[in-house]
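The listed protein sequences derive, respectively, from chains D and P.
Residues in the first sequence are numbered from 1 upward in steps of one, following the numbering used here.
Residues in the second sequence are numbered from 1 upward in steps of one, following the numbering used here.
Any given hint could turn out to be false.
What the hints assert, rightly or not - Here are the simulated lysine to aspartate or glutamate pairs, EDC-like style, with alpha carbons at most 20 angstroms apart:
#1 D:LYS6 to P:ASP19
#2 D:LYS33 to P:GLU29
#3 D:LYS78 to D:GLU47
#4 D:LYS33 to P:GLU28
What the hints contain is simulated information worked out from the structure, not anything from laboratory work.
Note that the structure is a prediction, hence the values are computed from the model and not measured.
So the chains spell out like this:
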Amino acid sequence: MIDDFKLKEVISNVLGIPTVEINNDSSPDSIEKWDSLSHLKLVMAIESEFNVELSPEDSMDMLSVKLIRIILQDALKK
Amino acid sequence: MNGRMGKDNFSSIINSPSDYARASREIEENDSLNKINIAFLSSYTSEVLNPYIVVELAKNGYKGSLYYAPFNQFEQEIYNPDSELYLFEPSVIIIHSRIEDTHQNLMMRFAKYSDDELIEISEDIINRHQKMLDGIRSKSDAKIIVINFGNSQLTEEYFISSPVIQSQQTYIQKLNNSLLELSKNITSCYVIDYQQLFAHIGLNNSIDPKLFYMARIPFNSSSQITFGKIIARMIYVIFRVPAKCIVLDLDNTLWGGVVGEDGISGIQLSDEYPGNIFKAFQRAILGLRDQGVILSIASKNNINDVLEVFEKHTDCLLKKSDFSSMQIHWENKASSIEKISKELNIGLDSIVFFDDNPAERDWVRAQLPDVKVVEVPKNPINYLKALHESKFFDSLIMTNEDRVRADIYQQEQQRKSDLFNSVSVDDFLRELKMKIKIGFSDDITITRIEQLLNKTNQFNLTTKRYSSSDIIKIISDGGKVLWLSSADRYGDNGIVGVAILIEIKHKIWIIDSMLLSCRVIGRKIETAFLAEIVEILKSESAYELYGQYLPTKKNHIVSDFYKKHSFKLTDKKNNFWKLNLNESDIIKPIFIQVSRND
Numbered sequence: 001m002i003d004d005f006k007l008k009e010v011i012s013n014v015l016g017i018p019t020v021e022i023n024n025d026s027s028p029d030s031i032e033k034w035d036s037l038s039h040l041k042l043v044m045a046i047e048s049e050f051n052v053e054l055s056p057e058d059s060m061d062m063l064s065v066k067l068i069r070i071i072l073q074d075a076l077k078k
Numbered sequence: 001m002n003g004r005m006g007k008d009n010f011s012s013i014i015n016s017p018s019d020y021a022r023a024s025r026e027i028e029e030n031d032s033l034n035k036i037n038i039a040f041l042s043s044y045t046s047e048v049l050n051p052y053i054v055v056e057l058a059k060n061g062y063k064g065s066l067y068y069a070p071f072n073q074f075e076q077e078i079y080n081p082d083s084e085l086y087l088f089e090p091s092v093i094i095i096h097s098r099i100e101d102t103h104q105n106l107m108m109r110f111a112k113y114s115d116d117e118l119i120e121i122s123e124d125i126i127n128r129h130q131k132m133l134d135g136i137r138s139k140s141d142a143k144i145i146v147i148n149f150g151n152s153q154l155t156e157e158y159f160i161s162s163p164v165i166q167s168q169q170t171y172i173q174k175l176n177n178s179l180l181e182l183s184k185n186i187t188s189c190y191v192i193d194y195q196q197l198f199a200h201i202g203l204n205n206s207i208d209p210k211l212f213y214m215a216r217i218p219f220n221s222s223s224q225i226t227f228g229k230i231i232a233r234m235i236y237v238i239f240r241v242p243a244k245c246i247v248l249d250l251d252n253t254l255w256g257g258v259v260g261e262d263g264i265s266g267i268q269l270s271d272e273y274p275g276n277i278f279k280a281f282q283r284a285i286l287g288l289r290d291q292g293v294i295l296s297i298a299s300k301n302n303i304n305d306v307l308e309v310f311e312k313h314t315d316c317l318l319k320k321s322d323f324s325s326m327q328i329h330w331e332n333k334a335s336s337i338e339k340i341s342k343e344l345n346i347g348l349d350s351i352v353f354f355d356d357n358p359a360e361r362d363w364v365r366a367q368l369p370d371v372k373v374v375e376v377p378k379n380p381i382n383y384l385k386a387l388h389e390s391k392f393f394d395s396l397i398m399t400n401e402d403r404v405r406a407d408i409y410q411q412e413q414q415r416k417s418d419l420f421n422s423v424s425v426d427d428f429l430r431e432l433k434m435k436i437k438i439g440f441s442d443d444i445t446i447t448r449i450e451q452l453l454n455k456t457n458q459f460n461l462t463t464k465r466y467s468s469s470d471i472i473k474i475i476s477d478g479g480k481v482l483w484l485s486s487a488d489r490y491g492d493n494g495i496v497g498v499a500i501l502i503e504i505k506h507k508i509w510i511i512d513s514m515l516l517s518c519r520v521i522g523r524k525i526e527t528a529f530l531a532e533i534v535e536i537l538k539s540e541s542a543y544e545l546y547g548q549y550l551p552t553k554k555n556h557i558v559s560d561f562y563k564k565h566s567f568k569l570t571d572k573k574n575n576f577w578k579l580n581l582n583e584s585d586i587i588k589p590i591f592i593q594v595s596r597n598d
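I would like the entire structure built from these sequences, with the hints used as guidance.
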C-alpha cells in the first residue's frame, strides 16, 4: 500500500500548499500552483521518494491525487 | 521548523527533491540571510534547479533570489538594456548554452562535418559567447558564471576506439579551452567545468530521457542536486574571502599514533596501509602550500620528538621549513592559534583549524569563534574529503603572489629573527635593502589590485572594497589607481600596496583608498608610497591633497597615519585630513630605493 501521509507530504512540499488542503480530487484544475512545470517536479519527487521509475505516459496521466495513487500503485508492482 | 533558520540549521538531512522543495520555500521566509540576486540564462528549462541552488546557497548564509530567462533568450536579454535581466539587478549572471540545444547535429551527427565546417562552427560558438559576455560586461557589473560544454553521451562502442567519436571529444575539449581563454579576458568571469562535472557524475547516470523530451530538462533529479550544489559553491567562493592559513595538529592528524608514546618508529606514516593514508594527507597539505596557503602547527607535544620526526622520518613529506609557525607545547590550542595569528600578522578569521580531537575543536570554537574549524571525521581515510568539502581553500584566482605567498611568509620569519639580532630598527631596515616600484593599474595587475582591495584589513585607511569593474570605472572617470611592489634581500614580495586617488575639485585630490599588505607593515614603505603619490600629483600641479581614515575593528594600526605625515585634521567628525602640497613635502626614507614602472 502507498503511504498516504508520505504522498500528501510530497505533494505539499513540491506545490507549496498545506497537506490539509490536499484531497483525493485535488488536481491541476483545483490547485493553481499545479502547473506543467510543477507537475514534472512532482513526478521527479514522487520517483525519488517512492523509488520508482515512471514512464512518460504515466507521468502525463497523473492528473489528480486519485490518479497518482492508482498509477503509483501499479508502477510499484512492476 | 519555523522561520528562524541560520546557516547552520541546514544539514545533510535535506537530500530528496521533496525535502529541497520544502526547505527552499522556508528559506524564502527567512530574513536573516544575505540576499543575492542571480539571473540564469540557459538553453533549457533551468528553473528546475531552483530549490537546489537556493538551499545550497542558504547553507552558506545566502538567500538566493533567481530570475530564469525564458529558455534560449540570450541575445534578447543581454543586448536590450531594458530587459528583465537588467531590471532584476543581478549580482550574478549564469550563462549556460548547451551545444546539444544549439547544434544538435554536432552532437548526434558529428561525422557529417568536414574539418573546415567544424572550424567554422567552433568559431561561431566561441564568437557568440564572446559577444554575449562583452554585452553583459558593458551593461552590468554582475559576476558572470559561464557553464562550459559537456560531452555527448557515450555508448560502449566508444571504448573500442571509434576515431570519429574520439575526435568529437577532442573537439569539445578544444571548445572548452577557447571558452576558458576568452573568459580570462572578461573581468569577474568564472567558468564551471560542466564537462568534467558530468564526467564525474557519469553521463549515463545523469539523464532522464523522459524529462528531456517532455520538458527540455537535460538532467535527472539527482544530477540536478549535484549541479545546483556546484553552482552554489561557485557563488559562495566568488564572494567570500579565502582562508590564508591552516593550523594543523600532529598526532593522529599528520601521522597515525602518538609520537610521544609510540616513538618515531612506532607512528603510522609509510607507503603501506594505514601509514599511506597519512602520507597522502601530508602530500595534499603540501599541495595547499603550493597554492599559497600558509602552514602552521598547534600540537601538544615535546618539541624534540616532533623535530626528530621532521628531520629523520623518511616518509614524513612535510619538513620543519614548510611551516611558518610552530606552536608545540602543552598550552591550550586557542592560545596557540592566537600566537600564530600574531606572529604571522593575519586575522583569526583567515585561519582554518584541523585537529582530529573533537575536544580541541570545541575548545577552539568556543574560545575563538572567528577561526574556521574543519569537522574532522573519525576515520583518517576521510580527512582529505572533509578538507575539500569544507570549501575553506577553494580558490578562483591564483596569482603569482599566491603561489609564492607561503615562501614569503617563511622569509618573513627569517626577517623577524634578524630583527631581534640587529642593533636598531633603522639599521635593520637599511640592511633589508628594500626596493619598491610604483605603477598604474593595467590588465596584468588589476586582478592582484582587486584581491588586495578585498582582503586587506589592517593597513587599510578606508577599507573600501572594489571589484575590478569598479576599478576600471574609477580610472575611466579620471581617477588614478596605483600599485606598489616591493623586494628586499630576502626575496620578491610582489604587489603589496594599492592607492586610489580621485580629483574631487580642480587640482584638489583625495586618497580614496590606500593599503599595504600586512607582510610589509612596519618598514616605512607607506611613507615612501605617500611621497611618491605627492610627487605624481604635484607633477600635475595639484595643490591640495585630502585623506580620510575610516576606523574598523582591524585597522587601528593606521589611525594616526595622516597625523604622522603632517596632514592637518579638517573635519573631525568624518576624519578628513589635508596636506597643502605647495607648503609641505613628504620625506622619503633614504633606505628605500624607489622606481616607477613606465
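*If any of the earlier hints don't hold here, list their numbers in rising order.*
Violated: none.
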